[in-house]
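Now for the letters of each chain:
Number of protein chains: 2
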Amino acid sequence: MSASRQIHLVRRPNGVPVPSDFAVVEVDTPDAGEGEVQVQNVLMSVDPYMRPRLTADQPLDVPMIGGGIGRVVQSLNPRFKEGDLVRHGAGMQELFTNDGKGMQVLTPDPGLSLTVYMHALGGTGITAYGGLLETGALKDGEQVFVSTAGGAVGSVVAQIAKIKGCYVVGSTGTDDKAAWLKDEVGIDAVINYKTQPLAEALKEATPKGIDVYFENVGGGHLDAAMPRMNVRGRIPVCGMISTYNGGGDGVRNLFNLIYGRVRMEGFVASDFPHLQAAFVSDMTGWLKDGRVKYQETILDGFERAPEGLIGLFSGLNNGKMLIRVTS
Amino acid sequence: MSASRQIHLVRRPNGVPVPSDFAVVEVDTPDAGEGEVQVQNVLMSVDPYMRPRLTADQPLDVPMIGGGIGRVVQSLNPRFKEGDLVRHGAGMQELFTNDGKGMQVLTPDPGLSLTVYMHALGGTGITAYGGLLETGALKDGEQVFVSTAGGAVGSVVAQIAKIKGCYVVGSTGTDDKAAWLKDEVGIDAVINYKTQPLAEALKEATPKGIDVYFENVGGGHLDAAMPRMNVRGRIPVCGMISTYNGGGDGVRNLFNLIYGRVRMEGFVASDFPHLQAAFVSDMTGWLKDGRVKYQETILDGFERAPEGLIGLFSGLNNGKMLIRVTS
Chain A
104 MSASRQIHLV RRPNGVPVPS DFAVVEVDTP DAGEGEVQVQ NVLMSVDPYM RPRLTADQPL
164 DVPMIGGGIG RVVQSLNPRF KEGDLVRHGA GMQELFTNDG KGMQVLTPDP GLSLTVYMHA
224 LGGTGITAYG GLLETGALKD GEQVFVSTAG GAVGSVVAQI AKIKGCYVVG STGTDDKAAW
284 LKDEVGIDAV INYKTQPLAE ALKEATPKGI DVYFENVGGG HLDAAMPRMN VRGRIPVCGM
344 ISTYNGGGDG VRNLFNLIYG RVRMEGFVAS DFPHLQAAFV SDMTGWLKDG RVKYQETILD
404 GFERAPEGLI GLFSGLNNGK MLIRVTS
Chain B
104 MSASRQIHLV RRPNGVPVPS DFAVVEVDTP DAGEGEVQVQ NVLMSVDPYM RPRLTADQPL
164 DVPMIGGGIG RVVQSLNPRF KEGDLVRHGA GMQELFTNDG KGMQVLTPDP GLSLTVYMHA
224 LGGTGITAYG GLLETGALKD GEQVFVSTAG GAVGSVVAQI AKIKGCYVVG STGTDDKAAW
284 LKDEVGIDAV INYKTQPLAE ALKEATPKGI DVYFENVGGG HLDAAMPRMN VRGRIPVCGM
344 ISTYNGGGDG VRNLFNLIYG RVRMEGFVAS DFPHLQAAFV SDMTGWLKDG RVKYQETILD
404 GFERAPEGLI GLFSGLNNGK MLIRVTS
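Protein chains in written order, with our numbering: chain A, 104 to 430; chain B, 104 to 430.
In case anyone wonders, no lab produced these hints; they're calculated from the structure.
There could be a bad hint or two in this list.
[As the list claims (entries may be wrong)] No more than 25 Å apart at the CA atoms, straight line, and that leaves these computed lysine to aspartate or glutamate pairs for DMTMM-like:
| no. | chain 1 | residue 1 | chain 2 | residue 2 |
| --- | --- | --- | --- | --- |
| 1 | B | K311 | A | D160 |
| 2 | A | K311 | B | D160 |
| 3 | A | K267 | A | E399 |
| 4 | A | K242 | B | D374 |
[Said to hold, decoys possible] Covered stretches of chain A, going by a simulated chain B footprint (3 or more residues, C-beta under 8 Å):
| no. | region |
| --- | --- |
| 5 | 337-347 |
| 6 | 366-375 |
Note that the Cβ used here is the ideal one computed from N, Cα and C, for glycine as well.
Generate the whole structure from the sequences, applying the supplied hints.
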């Protein structure tokens, strides 16, 4: 038995979540029994997808959902040995004991930071890769618009599109992120949607229209993109962060789907197991040769997970938001 | 040279078109020259798709766009002889002379009314057939929701879905149309969206969710359908009549696309030339054996075309709206 902590949802948020919607709860974690492992969390992920689930299927008063990387501290399960790093979906627990189902041993490339396995080589990376190349059916050299291009998924999408020879326009909400996208990542045009009139700026930035709009935002972003979509354009729908907390603008320009024969299609990271091997191979290469760059915002301390999750909706993060539990 | 009339757009509508946006203009139509035909219009079609084009690419002070059936009255073109019936896209002209390009001789089935070639066996029919079966990828026995199911396209969609063994729910705006759909067409549930709360009624009418939503309306209809969509559902987008005149509600529930992996895709009638032979064969059979029923609203008199077009937006029509120029 060891002292541990968990993050619980204790009240369903009304709009943007606030700290008091969550609680840090002290618990005792049992030792590993026969067939079990005990895992110490090392890194936890907070992601926009969590917001709708706070309203829907996240139970109250149990550990918050979420993925992470942990280190095995006790093992009575032959698949794991003490010291192994594992990917897990055990949620926001400092320490947890389970039967190891759904966990995979992670052998990180020594040339890469462990943190990349929580973004570019993790769920956000396969989301970007599968959503752009399969759902979006990207062809080399096309015209691409990526919303929240400074975010964890968007920045990977923008860079894969550049690698595929595309013309890439990104939107972002801060001048810092805009500068990083333009100067470091090298995309073709950046729009700060908080300081520029989005529809006009997007029209100017896309003289050849848009073949693929990678949708992370919804609302006004979608309305701005719609009239710019080329015939047979595709809109892979990864997220609609502008709508998750209620409010925001309704979408009025969807009729542009019709004459454009535009296809919008939703997807989630788990849709692409058949792409996993190609993804890991491609992305490891791109990260090591510097063709995919990334930003991270790492909050130190297990108890800061709610702060990190809430911060996603105010743009607190540059790139992927992570919680470091132990180093 | 023969006296004729044309319908011109003389002012771009602001919202719902009004009669003074149009003019009936008297003209002289030249006789057919070498290689030409002169055609007397018999039936003209007015359709919702025309509304956005009044704002976009319909030129002022020339004949309105539109399709119809005419009779050849002069021919110096070997493809046509006097008395032939032809399908044409020459627009709203009582009489016209051209080189015959884009016109096809029509040989109607003697067991069917000529008018069906303007709807169930014409553009609205192939729109319903291709949109439901190809864009919507309908599978036998699925759960189907059709908006404006009392309309020219919607009523054919609903009946094809019934022929394919599906459970079919339709929305319509009058009790007359609702009664026809329920009692004559035999669909499973009808919602009068003007007298019933749409989202609640749709939830009740679709206990097994929706696999295919055939979209003719947009706005509140789309918002009501979104939470009901089953995983891997499809939304073929034929029209969004609620948005064509401006105003209406913005769409707020599109985030349901994501976890549902729902696909929305626009299409137009001309996308399905490869289906034409199968369509004509299937639909002729279905009409003759009474499995596809239809309603028509026929306005007599060339000059009533603007009234017919405007009436589409107030539900003046039961089923397909046609203008009879001559009999």
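Status of each hint after checking the structure:
1. K311(B) - D160(A): holds (20 Å)
2. K311(A) - D160(B): Given that 25 Å is the threshold and the Cα spacing comes to 20 Å, the pair holds.
3. K267(A) - E399(A): Cα-Cα ~24 Å, so holds.
4. K242(A) - D374(B): holds (22 Å)
5. 337-347: That given contact holds, which follows from 6 residues of the region 337-347 of chain A lying within Cβ reach (below 8 Å) of chain B.
6. 366-375: This one holds; 7 residues, not fewer than the three required, reach chain B with a Cβ under 8 Å.
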